[in-house]
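> Chains as they are written, first to last, in the numbering used here: chain H, 1 to 492; chain U, 493 to 614.
Treat the hints with caution; some may be incorrect.
[Said to hold, decoys possible] Straight line, CA to CA, 25 Å or less: simulated SDA-like cross-link-like pairs of lysine to any residue: (1) H:LYS366 x H:ALA447; (2) H:LYS366 x U:LYS549; (3) U:LYS528 x H:PRO68; (4) U:LYS528 x H:GLN165; (5) U:LYS549 x H:GLY189; (6) H:LYS198 x U:VAL572; (7) U:LYS549 x H:ILE71; (8) U:LYS528 x U:LEU512; (9) U:LYS528 x H:GLN231; (10) H:LYS410 x H:ALA487; (11) U:LYS549 x U:LEU575; (12) H:LYS27 x U:ALA590; (13) U:LYS549 x H:HIS203; (14) U:LYS549 x H:PRO68; (15) U:LYS549 x U:PHE511; (16) U:LYS528 x H:ASP195; (17) U:LYS549 x H:ALA211; (18) H:LYS372 x H:GLN301; (19) U:LYS549 x H:LEU200; (20) U:LYS528 x H:ARG157; (21) U:LYS528 x H:ILE71; (22) U:LYS549 x H:PHE69; (23) U:LYS549 x H:LEU229; (24) H:LYS198 x H:THR57; (25) H:LYS366 x U:SER613; (26) U:LYS549 x H:ARG199; (27) H:LYS366 x U:GLN610; (28) U:LYS549 x H:LYS486; (29) H:LYS486 x H:ILE259; (30) U:LYS549 x H:ARG158; (31) U:LYS549 x H:GLN186; (32) U:LYS549 x H:ARG51; (33) U:LYS549 x H:ARG207; (34) H:LYS198 x U:ASN567.
[To be verified] Incomplete in silico selection of chain U near chain H, CB under 10 Å: (35) ALA513; (36) ALA515; (37) TYR518; (38) LEU533; (39) SER539; (40) VAL540.
Treat the hints as calculated values from the structure; they're not laboratory data. A virtual CB, placed ideally from N, CA and C, is assigned to each residue, including glycine.
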Amino acid sequence: MLSAHLPALIIVIPLMAAPLCILLRGKDQAFGVALLATWASFACACFITVRVLAEGTISYEMGGWAPPFGIELRIDALSAYILLIVSGIGSVVAPYSRSSLLLEYVEERSYMFYSAFLLCLCGLMGVVVTGDAFNLFVFLEISSLSSYVLIALGFDRRALTASYQYLIMGTIGATFIVISIGLLYQATGTLNMADIAKRLPAHGYDRTVIAAFGFLLVGAGLKIALFPLHQWLPNAYTFAPSTVTAFLAATATKVSVYILLRFMFTVFGVEFSFGTLPTAVPLMVLAVLAMFIPSIVACFQTNVKRILAYSSVAQIGYMILGVSFVSVTGLTAGILHLFNHALMKGGLFLVLGAIIYRIGSCHIDKMAGLAKRMPWTMAAFVGGGLSLIGIPLTAGFVSKWYLILAALEKGWWYVAILIVASSLIAVIYVWRVVESAYFRELPEEFADVAEAPLSLLVPAWVLVAANFYFGVDTSLSVGMAELAAKALMGAG
Amino acid sequence: MPAAVVDFVGLYNYWIVIFLAMAGLYIVIARGNLIKKLVGLNVFQASVFILYISFGKVTGGTAPILAKGIETYSNPLPHVLILTAIVVGVATTALGLALVVRIRQEYGTIEEDDIHSQDESM
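Looking at chain U on its own, in the form it has when it is part of the complex (with noise of 0.2 Å):
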């Protein structure tokens, strides 16, 4: 196989990355539906996270816990700070619904366009 194919090839995971994070913004900035907006910006962080996973991997590297025979292991860092900002992800995505749930009792809809033009002829 030619090397430039197996660069490709082997950062597949980066390729993932950059296709999520621009299908989320893409979903964010495109989609008048506001749970829509959430989705995609759950699929921006959740790209994110794949990014910090992907360099914590050693290549031959096993699992981080502590056992005999094994030498090389993948690094924990990344793992553990994206628990972490797996958990501020979920508490944006909660109080994120609940503001929708908040707008669609006073406006009665969830869509950007009826929330303008609601507020325009007020």
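Isolated chain H (complex conformation) (with noise of 0.2 Å):
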């Protein structure tokens, strides 16, 4: 009985635990609280993935209205893989915030970080699941309002900056999207997605619809933080709670990566996105100038977490790239991508909230001779590092090594020294912080800082160790992919 409602679940769940945090108030409620709601939540999406994985798309009524005048939860293989990392990420961050947050923000208000935590899951996990355009804007609007929130917990005041200058550009990229899914509307008649995929053909690629389409791709482009869009991540990623970092750099752009593959490939079709319009080789220009410019910047940034959300952009251009191929090689590379680097960003940002807790800063020059201090917690840094970089064995090198085969398949073997030339961009500015923490004088104000609490490095752990079984056996994470690759080329 309850399985047939696993789609409405997974959002109800941590919908309803929200207002319940506040409720409660107490600062262990509301943690018990946001602990059971986001492992019911990766609970739920486990079931669901496995029931898409065997009987193929499922398709929900919401309140029993059918589609399309009724809202529809439709989740095929790339939602059910989405809902994977959101969900996964979710559980193992959760856990960890406890004690990270203990340092960076008022512990009596914990509750409230707990609250926009759920609701910001909530809003992600709403986008990928809901076959209803608007109400893909809706679920877009929670996660990024409850986004602002959590990064304005920054304990710096640069945070509150970088939260504004996020919903200005947040707001913008919002509203553009939602002059895309008017359009679409005012052209099809019609707000369900699929709906919409199918009636678009006989309505014809007019001028409604080609600007819907523009539209669409500046909205999600400024969501994703594409190169040139990007100038919100930075700041943002940094001033942030260590927590809050580590969770959306492993699952906001990832949703806008979402949105823009479900709009382009399902709802406008491959045929109008890559075969009318040009967008094929301006997207492989922007990606290749995003895995460039933001690495060159990282290399020369004395704070570890910039270094990281340079990086971070530098990545998306990598998913961006494997997009732009337009095959099914190439996307599921790009697909790929998204899980892999939910795992090894995830994995480093936590790192970095370890080293806060202990020795407040990730100041490159800080960090020097920490190694001996915190051999565990450096230790998670290198080898989520190593996967950043792309080393064999790692979960980084199984998505670069796709994304060459989908270059070298298009024949396109310059694109392929790209990808391995701005690897190398990654070696520099990891190395750099290792060469700080392994090879260099500890001062004397840190001789006896001890290790990261085990709260602290399980988490971290978790997701480094992930990092190398996904690197290692591939069959869910390439498997999912290809499947979900293979049906978006197809609905084309």
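Mind docking these for me? Both chains are given alone in their own frames, and the hints should help you get the complex.
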């Protein structure tokens, strides 16, 4: 009985748990509720994935109203994959948040943090499960508004300006997406995404539809932080509390990439998005620029959080590069990198949180010699860093392998060289941190710093270990990405 | 009247939409005052509300209320969508203003340039 309602439950659980946190008030009760809700969502996501793999796309009629008139929840392989990423990262970050928050946020008000965190989780998963275009916008705004709140909780006052900047850019992006949805509604008279896709060919691809496509591309680009629309991202990631940075870096941009994929491939169709309109080449140029320029900028940063933030912009380049190949292999690589990047960046930001917990900073010079005092923490950083670079036997290698395969399949060997070259830049910025922590003298003031507590180390290591696990056993990560890519390409 | 003029006048609410959207975006980009930026953002969002309501209009249609002797109604769906979008807009503005209050407490100013120079001098 219950299993039929899983697609609704996965968003209803965090949505109901969020006000419950506010009502309970106590920091332990709120933490308990948040932990239960995120783990329940993750369990739902696992059950849904099993069902999608066995039975194919799940369609759920919200409130019993048949689509296209009622709101439909629609979960295919791609949605299930993103659900796994979002809820999985959520359930690793939730137990971590307890100790990390003690330091970075007023403890008595931590129930507000959990409430915003659960709303953000609900919004992100809502975007992924819904089959209704306007509903997607509403969920997107739920997740965005709560993420502005989460970023503003950072203890540095610059977190406030970072959050404000993100609010302005994010709202413009979301409004562009609404304009796009409105124009599509005007053209087809429906809001159900599958229904729009069915009616668009009959309507014809006139100027309204082309304008809708343009608005969507720019709006989603702002949300993804696609170079050169990424200005909000480095500050937001740097000044947000570590827990929040880890969660958002691993999920928020991924869900935005999902929006782009869903609209370009399912709603507009491959034929129109890449055949009629010359989208592939500009996307590829932006992706390659994103792979290089932010990576080079990252090499000159001194705050390690900021290094990783710029690196995130660069990694988004890899995802978009995969999409711009417009082939099953390319898409597989792009979607796979959503998964792998969530693992590596989530893990790395959790490690930084543990470092901030002990020494109160993640400035590269302050971390000098830290490996002597915090060997497990720094070892986790090295593990995540190896995956970020793309060393064999790590998850990062698998996604780059598929990207290079996709490039060679098209005969674009120079793109393959660019992928390898940009990975070498990652070696530089990861090495700068490793060099400081392992090969420099420990300053006096940190002579008796202890290893990070287990409550921080275990979640970080879970994600770092996942990097190695999915670097060897790729049947789940690559298998589902391939399934999703085939469905997307076939839909056109 | 020439056909071009009729077309132009017939689409006047869309011209208003475009004017408001551009004006709103211009304010967001060109103004350094954080409150004024939020005002610009609101103007931009309002333009989208008008866009939706404009294409909900059915020529000759009346308000979508069931009544005797009336056959043609305007499409009520965009109105409902925009009610939701207005709520989202209000929430965004409220959050934005709350952030501005906190920024003013921390920096003592709401001018972008001043905030920037304070951050630089740190």
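> Are the hints correct? Go through all of them and say.
Hints and how they fare:
Only pairs whose Cα atoms come within 25 Å are accepted, and LYS366 of chain H paired with ALA447 of chain H is accepted, the gap being roughly 12 Å. Distance restraint check for LYS366 of chain H and LYS549 of chain U: the Cα-Cα separation of roughly 63 Å exceeds the 25 Å cut-off, and the hinted pair is therefore not satisfied. In summary, the hint linking LYS528 of chain U to PRO68 of chain H is not supported, as the alpha carbons are separated by about 41 Å, beyond the 25 Å threshold. Straight-line distance between C-alpha atoms of LYS528 of chain U and GLN165 of chain H comes to about 14 Å, which keeps the hinted pair within the 25 Å bound.
Taken as a hint, the LYS549 of chain U and GLY189 of chain H pair is honoured in the structure, with Cα atoms around 13 Å apart against an allowance of 25 Å. For the suggested pair LYS198 of chain H and VAL572 of chain U, the alpha carbons sit about 24 Å apart, so the restraint of at most 25 Å is met. Of the supplied pair hints, the one linking LYS549 of chain U and ILE71 of chain H holds, its CA atoms being roughly 23 Å apart against a limit of 25 Å. The straight-line distance between the Cα atoms of LYS528 of chain U and LEU512 of chain U is roughly 15 Å, inside the 25 Å bound, and the hint therefore holds.
With a C-alpha separation of about 20 Å, the suggested pairing of LYS528 of chain U with GLN231 of chain H holds against the 25 Å cut-off. Proposed proximity of LYS410 of chain H and ALA487 of chain H is supported: the alpha carbons are some 20 Å apart, at most 25 Å. Of the pairs offered as hints, the one joining LYS549 of chain U and LEU575 of chain U holds, with about 16 Å between alpha carbons and a cut-off of 25 Å not exceeded. A distance of roughly 24 Å separates the Cα atoms of LYS27 of chain H and ALA590 of chain U; the hinted pair therefore holds under the 25 Å criterion.
Under the criterion of a C-alpha separation no larger than 25 Å, the hint pairing LYS549 of chain U with HIS203 of chain H is consistent with the structure, at around 20 Å. As the CA atoms of LYS549 of chain U and PRO68 of chain H are separated by approximately 21 Å, the hinted pair is consistent with the 25 Å bound. At roughly 20 Å between alpha-carbon atoms, LYS549 of chain U and PHE511 of chain U fall within 25 Å of each other, so this suggested pair holds. For the hint pairing LYS528 of chain U with ASP195 of chain H, the CA-to-CA distance comes to about 40 Å; that exceeds 25 Å, so the pair is violated.
Restraint check for LYS549 of chain U and ALA211 of chain H: satisfied, since their Cα atoms lie roughly 21 Å apart, inside the 25 Å limit. About 24 Å separates the Cα atoms of LYS372 of chain H and GLN301 of chain H, which keeps this hinted pair within 25 Å; it holds. Simply put, LYS549 of chain U and LEU200 of chain H have alpha-carbon atoms about 22 Å apart, close enough for the 25 Å limit, and the pair holds. A hinted pair counts as satisfied when its Cα atoms are at most 25 Å apart, and LYS528 of chain U with ARG157 of chain H qualifies at roughly 21 Å.
A threshold of 25 Å between alpha carbons decides the hint, and for LYS528 of chain U with ILE71 of chain H the separation of about 37 Å lies outside it, so the pair is violated. For the hint pairing LYS549 of chain U with PHE69 of chain H, the CA-to-CA distance comes to about 20 Å; that is within 25 Å, so the pair holds. For the hint linking LYS549 of chain U to LEU229 of chain H, the alpha-carbon distance of about 35 Å lies beyond 25 Å, and the restraint is violated. For the hint pairing LYS198 of chain H with THR57 of chain H, the CA-to-CA distance comes to about 17 Å; that is within 25 Å, so the pair holds.
For the suggested pair LYS366 of chain H and SER613 of chain U, the alpha carbons sit about 21 Å apart, so the restraint of at most 25 Å is met. Distance restraint check for LYS549 of chain U and ARG199 of chain H: the Cα-Cα separation of roughly 21 Å lies within the 25 Å cut-off, and the hinted pair is therefore satisfied. Restraint check for LYS366 of chain H and GLN610 of chain U: the C-alpha separation of about 23 Å stays at or below 25 Å, so the hint holds. With a C-alpha separation of about 41 Å, the suggested pair LYS549 of chain U and LYS486 of chain H falls outside the 25 Å cut-off, and the hint is violated.
Note on LYS486 of chain H and ILE259 of chain H: the hinted pairing holds, with a Cα-Cα distance of about 17 Å set against a maximum of 25 Å. Between LYS549 of chain U and ARG158 of chain H, the direct Cα distance comes to roughly 46 Å. Violation of the 25 Å bound is thereby established for this hinted pair. For a cut-off of 25 Å, the pair hint linking LYS549 of chain U to GLN186 of chain H stands: about 11 Å separates their Cα positions. A C-alpha spacing of about 43 Å is found between LYS549 of chain U and ARG51 of chain H, which places the hinted pair above 25 Å, so the restraint is violated.
Between the alpha carbons of LYS549 of chain U and ARG207 of chain H the distance comes to roughly 20 Å, so the proposed pair stays at or under 25 Å and holds. Annotation: proposed proximity of LYS198 of chain H to ASN567 of chain U holds, straight-line Cα distance about 22 Å (limit 25 Å). Proximity of ALA513 of chain U to chain H holds as hinted, the smallest CB-CB distance being about 8 Å (cut-off 10 Å). For the restraint placing ALA515 of chain U at the interface with chain H, the shortest Cβ-Cβ distance is roughly 14 Å, beyond the 10 Å limit, so the hint is violated.
Hint on TYR518 of chain U is violated. Least Cβ distance to chain H is approximately 12 Å, over the 10 Å limit. The beta carbon of LEU533 of chain U is positioned within 10 Å of a beta carbon in chain H (closest approach about 6 Å), and the interface hint is therefore held. Because the smallest distance between the Cβ of SER539 of chain U and any Cβ of chain H comes to about 9 Å, under 10 Å, the interface hint for this residue holds. Residue-level restraint check for VAL540 of chain U holds (minimum Cβ-Cβ distance to chain H is 6 Å; threshold 10 Å).
In summary, the numbered hints that this structure violates are 2, 3, 16, 21, 23, 28, 30, 32, 36, 37.
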